[in-house]
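Colleague: As a plain string of letters, each chain reads:
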Amino acid sequence: MQHVLRNPVVERVSGLLFGNRAHRGWIFSLALYVLLIAIGFVYLQPLLFMFITSIKSPDDLLNPMVQWVPTELFLGNYEKAILVLNYSQTLLSSLLISVIPSLLQTAVASVIGYGLARYRFRGKRLIFLFLLATFIIPPQNTVIPQMLAYRDLGLLGNPLALILPAVMGQGFRSAIFILIFYQGFISLPKVLEESARLDGASDLRIFLTVAVPSALPSYIVAFIFSTVWYWNETFLTVIFLEGGVTTLPMQLSRFTQAYENLYPPGTVNIFDRLNEAVKMSGTFLNILPLLVMYFVLQRWFVESVEMTGITGE
Amino acid sequence: MREALTGYGFVLIWVVGFLFFTLIPLVETARYSVNRVTVTASAINLDFVEWANYSRALFTDPNFVELLIGYTIETLVSVPIVLIFAMIIAMFLNLKFKLKGIFRVIFFLPIVITSGPVIRELTAQGAASAPGISTIPAVVDFLATLPRALRSPVEYLLTSFVLILWFSGVQIMIYLASLQKIDRSVYEAAAIDGASSWETFWKIILPSLSTATVVNAVYTIVTLSHFSENKVIQYIYSQTYSVQGGLGYASAMAFIYFAVMIVLLAVVYLFLMQRAKRS
Numbered sequence: 005m006q007h008v009l010r011n012p013v014v015e016r017v018s019g020l021l022f023g024n025r026a027h028r029g030w031i032f033s034l035a036l037y038v039l040l041i042a043i044g045f046v047y048l049q050p051l052l053f054m055f056i057t058s059i060k061s062p063d064d065l066l067n068p069m070v071q072w073v074p075t076e077l078f079l080g081n082y083e084k085a086i087l088v089l090n091y092s093q094t095l096l097s098s099l100l101i102s103v104i105p106s107l108l109q110t111a112v113a114s115v116i117g118y119g120l121a122r123y124r125f126r127g128k129r130l131i132f133l134f135l136l137a138t139f140i141i142p143p144q145n146t147v148i149p150q151m152l153a154y155r156d157l158g159l160l161g162n163p164l165a166l167i168l169p170a171v172m173g174q175g176f177r178s179a180i181f182i183l184i185f186y187q188g189f190i191s192l193p194k195v196l197e198e199s200a201r202l203d204g205a206s207d208l209r210i211f212l213t214v215a216v217p218s219a220l221p222s223y224i225v226a227f228i229f230s231t232v233w234y235w236n237e238t239f240l241t242v243i244f245l246e247g248g249v250t251t252l253p254m255q256l257s258r259f260t261q262a263y264e265n266l267y268p269p270g271t272v273n274i275f276d277r278l279n280e281a282v283k284m285s286g287t288f289l290n291i292l293p294l295l296v297m298y299f300v301l302q303r304w305f306v307e308s309v310e311m312t313g314i315t316g317e
Numbered sequence: 009m010r011e012a013l014t015g016y017g018f019v020l021i022w023v024v025g026f027l028f029f030t031l032i033p034l035v036e037t038a039r040y041s042v043n044r045v046t047v048t049a050s051a052i053n054l055d056f057v058e059w060a061n062y063s064r065a066l067f068t069d070p071n072f073v074e075l076l077i078g079y080t081i082e083t084l085v086s087v088p089i090v091l092i093f094a095m096i097i098a099m100f101l102n103l104k105f106k107l108k109g110i111f112r113v114i115f116f117l118p119i120v121i122t123s124g125p126v127i128r129e130l131t132a133q134g135a136a137s138a139p140g141i142s143t144i145p146a147v148v149d150f151l152a153t154l155p156r157a158l159r160s161p162v163e164y165l166l167t168s169f170v171l172i173l174w175f176s177g178v179q180i181m182i183y184l185a186s187l188q189k190i191d192r193s194v195y196e197a198a199a200i201d202g203a204s205s206w207e208t209f210w211k212i213i214l215p216s217l218s219t220a221t222v223v224n225a226v227y228t229i230v231t232l233s234h235f236s237e238n239k240v241i242q243y244i245y246s247q248t249y250s251v252q253g254g255l256g257y258a259s260a261m262a263f264i265y266f267a268v269m270i271v272l273l274a275v276v277y278l279f280l281m282q283r284a285k286r287s
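Top to bottom, those sequences are chains A and B.
Letter by letter, the first sequence follows residues 5 to 317 of the numbering used here.
Letter by letter, the second sequence follows residues 9 to 287 of the numbering used here.
Hints listed in this document are in silico derivations from the structure and should not be mistaken for laboratory results.
Just so you know, these numbers come straight off a predicted model, no measurement behind them.
Possibly wrong hints are sitting among the right ones.
[Unchecked claim] Label-pair ranges, simulated between beta-carbon atoms: (1) A:Leu-130 to B:Ala-284: 22 to 28 Å; (2) B:Leu-20 to A:Gly-247: 57 to 63 Å; (3) B:Asp-191 to A:Gly-158: 56 to 62 Å; (4) A:Leu-136 to B:Gln-188: 34 to 40 Å; (5) B:Ala-284 to A:Leu-133: 19 to 25 Å; (6) B:Leu-20 to A:Arg-209: 51 to 57 Å; (7) A:Arg-303 to B:Phe-28: 36 to 42 Å; (8) B:Val-275 to A:Asn-273: 18 to 24 Å; (9) A:Gly-158 to B:Gly-17: 29 to 35 Å; (10) B:Ile-270 to A:Gly-158: 34 to 40 Å; (11) B:Asp-191 to A:Glu-246: 49 to 55 Å; (12) B:Asp-55 to A:Glu-83: 35 to 41 Å; (13) B:Phe-56 to A:Gly-247: 43 to 49 Å.
[What the hints assert, rightly or not] Keeping only pairs whose Cα atoms sit at most 25 Å apart, straight-line, the calculated SDA-like set for lysine to any residue is: (14) A:Lys-194 to B:Gly-17; (15) B:Lys-239 to A:Val-242; (16) B:Lys-285 to B:Ser-218.
Ideal Cβ placement from N, Cα and C applies to all residues, glycine included.
With the hints as constraints, model all of the structure from the sequences given.
Modeller: Quick look at the structure:
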């Protein structure tokens, strides 16, 4: 038995199948792919379900034979959903409401993170403690007085209601971004800073010319995360913006009502009644801009994540 | 001295913002929670009621405590699943294989999509449950035989399995980042010493992921607790505008919820810390 296993041919075959030190075996690779594809499918299944349902015609919806393959590509649901969502307008406000606070939040978080990483001063530990607190405290513990204050200032329904906290480092999940920048800046070599100081650069100038360019990956990560999280946020947007600005997720959350305003239930024929296909079209339209952004930026994004090495040590 | 002043200059805006947008509103909400609050067009009237709002939430309200228990169960079920799942996926993605880019794109996707209304629509259509399992008659029968205390976590697990996985995008990323920090030569040294991959995992990989695990656990609890489709949050929000409840009652519930969340964080944190120390 022993000498059979030692046989070079047997050794090569078993190496191919089960792997050896230098190479992973076929069986292991196969198992890896099977697992990854299975889990990947579980991940994508809701999206596939959403997309396929969204292109089903009313006939296909009622037909129990049609599960995953619609008989035709039906775009009527999208036409309705675009109308109901008031797509061009809500898309634009969603973009504004997510991109502007994100830009400001990212910029401000980098300034604060830099201050915490590069200077020694008393009370820093306290600031870190409170920083963590701003991440943990649920929004409903602070939102009511904020809302009342905004009401007195006439800022309800105004995008400033989201922009002001972002500018002061208290935007949506700002603490995470400050910590990302803190991590990035703390590993910046002191030598760079000192040589700039010898050239007579001021602290602000050192920040802008030495620190900012070195932290480009952190900026990319922070901006993308920030945009996505502001886009998806509904609790705060509903409270602060209701009546002024309508974002896509806000409009989606009252989709049924908006649909019935456009197509009153008693007056439309059976094919124009609200069905799940129209709802799924609306949901898909809601995430479509994010998907597009994600697929355009994903390469950049993944690389930046690796370069910033978000771990929070 | 000069250095400290410049440092304060950089963080000053945060301190001011913290006062105005976090500390003052927090104190204000605490004040509301012990008052009956009536809001008129011109002013906010407070009427001191001591702990009435709190005792109403805990002892008279038929829904709130039940929602809190549900939230606690869901969190305690979700956290280990998210952590284990994220760790496994991150270890897969840390291997070298073809098409890695595509799988990375897929597993990071949930970071982009997990918004309240989208999830609500998907859950309503049944697209978020473990495909088909929870409707199999045998499973339904099996669930019926379980004691009530055990049934609801299992039921939650089955109906929200995909949802739980969808909450692990950021966690996968954090694990992956810390896996990539482990020096390749450590694995080689272990292999030369004759360590099996099983031993390598328990002796090298897991201990070096302990920081990331604590970060991920905290992150998961906070995200689940702040998620806008969270039933407790929705209930508190609905009470804010109800005539019966009002701002004072909603504020008291917000603080109770916060306290439960802190306890959950502390329990999970201490548990993980103890494990990390032992290994």
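Colleague: Now, for every hint given, state plainly whether the structure supports it.
Modeller: To see whether the hints hold, each was checked on the structure:
1. A:Leu-130 to B:Ala-284: 22 to 28 Å: 26 Å, holds
2. B:Leu-20 to A:Gly-247: 57 to 63 Å: 34 Å, violated
3. B:Asp-191 to A:Gly-158: 56 to 62 Å: 58 Å, holds
4. A:Leu-136 to B:Gln-188: 34 to 40 Å: 25 Å, violated
5. B:Ala-284 to A:Leu-133: 19 to 25 Å: 21 Å, holds
6. B:Leu-20 to A:Arg-209: 51 to 57 Å: 19 Å, violated
7. A:Arg-303 to B:Phe-28: 36 to 42 Å: 40 Å, holds
8. B:Val-275 to A:Asn-273: 18 to 24 Å: Between Val-275 (chain B) and Asn-273 (chain A), where Cβ atoms are some 57 Å apart, the hint is violated.
9. A:Gly-158 to B:Gly-17: 29 to 35 Å: Between Gly-158 (chain A) and Gly-17 (chain B), where Cβ atoms are some 32 Å apart, the hint holds.
10. B:Ile-270 to A:Gly-158: 34 to 40 Å: 35 Å, holds
11. B:Asp-191 to A:Glu-246: 49 to 55 Å: At roughly 52 Å between Cβ atoms, Glu-246 (chain A) and Asp-191 (chain B) fall inside 49 to 55 Å, so the hint holds.
12. B:Asp-55 to A:Glu-83: 35 to 41 Å: With a Cβ separation near 53 Å, Asp-55 (chain B) and Glu-83 (chain A) fall outside 35 to 41 Å, so the hint is violated.
13. B:Phe-56 to A:Gly-247: 43 to 49 Å: The hinted range 43 to 49 Å is violated for Phe-56 (chain B) and Gly-247 (chain A), with Cβ atoms some 32 Å apart.
14. A:Lys-194 to B:Gly-17: 20 Å, holds
15. B:Lys-239 to A:Val-242: With a Cα-Cα distance of about 16 Å, the restraint between Lys-239 (chain B) and Val-242 (chain A) holds, given a limit of 25 Å.
16. B:Lys-285 to B:Ser-218: 9 Å, holds
In the structure shown, a violation is registered for the earlier hints numbered 2, 4, 6, 8, 12, 13, in ascending order.
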